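In order, the protein sequences belong to chains A and B. In short: position in the first sequence from 1, add 133, done, that's my numbering. In short: position in the second sequence from 1, add 1291, done, that's my numbering.
Since the hints were made in silico from the structure, they are not lab data. All of these numbers come straight from a predicted model, not from anything done at the bench. Beta carbons are placed, not taken as given, at the ideal position from N, Cα and C, and that holds for glycine. The hints are all genuine.
Not everything, but these chain A residues come out facing chain B in the computed CB check (under 7 Å):
1) N142
2) M145
3) G184
4) P187
5) T188
6) E228
7) P258
8) H259
9) G261
10) L297
Spelled out from the first residue to the last, the chains are:
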Amino acid sequence: MTETSADANPLMTDRSEEVFPQACTIVIFGGAGDLSKRKLIPALYNLALDGLLPTQFAVIGFAIDAMSDEAFRDFARDGIERFSRRELDEEEWQEFSEHLFYRQGDFGDAAAYAALKARAEEIEPHFGIGGSRIFYLAIPPSFIETCVFGLREAGLVAPPDQDLPFTRLIVEKPIGRDLESARGVNRALQACFAEHQLYRIDHYLGKETVQNILAMRFGNAIFEPLWNSKHIDHVQITVAEAEGVGTRAGYFETAGALRDMVQNHILQLLSLVAMEPPWSMRADVIRDRRLDLLQCLRPMRRHEVEQHVVRAQYASGFFHGKDAPGYRREERVASDSTTETFVALRLFIDNWRWAGVPIYIRTGKAMPKRVSEVAVQFKAVPHMLFNTDTDHPLEPNVLALRIQPDEGLALRIGTKLPGPKVKIYPVKMDFRYGSTFGDQSPEAYERLLLDVMAGDATLFMRDDAVEASWQWIQPILDAWAASGERWLPEYPAGSWGPIEADRLIHADGHAWRRL
Amino acid sequence: MNRSDEHYIDPVEIERELAAIWDSINRHQKDGHTVTRASMSNVMIFCDGEDQAMDAADRIPRLVRHHPARVLVLALIGDQSGDEVRAWVTAHSRRIGDRQQLCAEHIELRFGAGGAARTASIVRSLLISDLPSALWWLSPRPPALTGPVFEAFASMANQIIYDSIGWADPPRGVLAMTQWSKRNRTVIFNLAWRRLKPWRRILSQSLAPSVIPGALRRIEAIELHHGPHALPLAWLLLGWLSSCLDWRPQKGVATSGKQLIWHFASTSGPVRIEVRRSDEGPPHIDRMRISWRAGEGQAASHAEYRHEGHHIRHFPEDAELWPSSIPTVEQPLEQMVAAQLAHRAGDALFTSSIAFSEAMAKVVKSEAA
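Same shape as in the complex, but just chain A:
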């Protein structure tokens, strides 16, 4: 989007590296909800603390709950005190809170949108906001369609070819629960907004270390020449959560690990790890490369699903020495639930670079610890000069990109043990963001909200990428639906998954990394 010469601000030139968020009102649908309290308001507050918010901004919480502006400010303050990465600063809070407002409304009621519009138009002139608005749908997916049509009918969507004032819409995942419903959501979104006005958020992409994947791959000459099937033996992606489903049981029962983690976070991660080099850092160039990668995933036929995919449920076990209940005994979980809490799978990328390289993915709840990483295991040296004892072969090089916790990267290399014998021992070269740079990394939502205010869609999902990932997932969902299984394999809570997952990877002569 370009500004006209009359609108161009000579004090905001592209000579500077600074990000320029534009003056706007942020309307949070579901403003009185959990996401708003835990993530969005603390993220906005931290941006304000860093002086990164535009001076002309306002936040309007919009939800069914009855609340005054003052009550919303109390709600926001509580969210910041409990969930912000930095403590509440009284002076800064006073400044920030003056920008917070609330409007009660039923998402299905046209009059509520008219009232919201009137409220925004009443507030905005005082802040010098020229009508630019960001609508953040922090709501259950079932309301998306209602809300976007409500916005359109109320005249709250700026024409797509208009630079200022702008309208942008942020949509939380999940986008649909299968390919058909994802297409339906996209159709509804595109009936009211142009694609460039849409920001489908996957907060994983806002994490510093996820972004560092691009920096590591394309900012260093040493990795890219090795980044192919000639040198890489296999890739393992692990996203493990230490807790059970807890308060998310209601949602999780209808989703499962495949929809909740693989379809979005993990495939987005994979696309960054495996995509071809972009020719520029422009949003659409990077998003094109990510899409290319998703389109190269080898389609899984229904009868192949059992061979490549393992699903399981956690049973009772121990976590840190304490009893942990099995999934079916969790509150708001059906006692005969067949929702998977764990998925392990093997996939292939059918392109020149990755031909024949297996990618192993595992994700689950109630695992021994919270850890997310991408590990690239390189091939063994072609000729064994050292450690020729076949019982103790040389361990291959592994580059592990840790997403959380202890964000950073580690490279395992072989080195000679001191002494008269030539004995090779694996050592780890470890880089940790926190200990190297000292500073706290901003939360993913901070970065992503700032990007939307600046109109940068690089870290957001485009419609075609969402549909491509569902396209790949769909046969797995279909196969599971057709199987009619009433029991899934189990793994004890607090373990790394079922024996079936081990068998999956052992069949190829590999093993899951011990994390």
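Based on the hints, put chain B in the right spot on chain A.
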């Protein structure tokens, strides 16, 4: 940090002493973890005198917390013999979880007037290879005006970080630095530019064409009040404005020790800028009033900006607009330096702004003459 003679070591022994410190820390690890050294840069800190060397030593632990580095404090001690270079070493470590990580090595070299070249030869041998080197000029003297001392260390640096706050003669300092920068490829950076960030943000946002159409292009007068020692800050801000808005300085008059008046030409007419210094207060820009003429269906108007507490506040004349503010995000000097060390490429906007600052300095000079 008063050290007795036995604390100093022969400069030849520096690396050996550092190795001994490493060994000692490793030996004291109870859990078998080895110590990791993290280094992102070599940072040379030039200090004028004993007191400033002590000040630097206090700042280093916080500097390396944000930017782990090998730090070399280069202290020019006026009464020390020029032949003698005294060295002292230590290391700064901090705990990461259950183990210790050595973040930085701290080497101090004290030398007398005339000892810069000798000290530079030691520094050259101590810089860690394959890492960028920066020279942080902590001295209040404009670097380029210190001649051979600056040249001796600047030649080893990829980036020079200085702070124009407190310069006794800002026009002379500005001219010297911009001219030095034209002759050298080394990136220079004035910390004043970082301090101006909130000012730049609030001006660019509150006067944006989308907020007040045409105001920026019709500016006719600026009144700026600053505290003691903050003239260089004001100068740089005005350099930025004139660079972005394409104003050309016509003449500048220093009417007294406390007041400077510039006349610029802009596409929409003349612009008068008046800069006044307060007798007391902190070294920052206190307030600013920007007035613009009528035009394009818009009335003449103005906006006021005030630095109050930890915020810069904007008070528009338009009664419908509410005052807005931006936090100043004040950081200690070493944290600003740490942040700057991560930006090794030159900042084109800063470069352009100092070029305009130089043009402004030139007209003031010629008027004074």
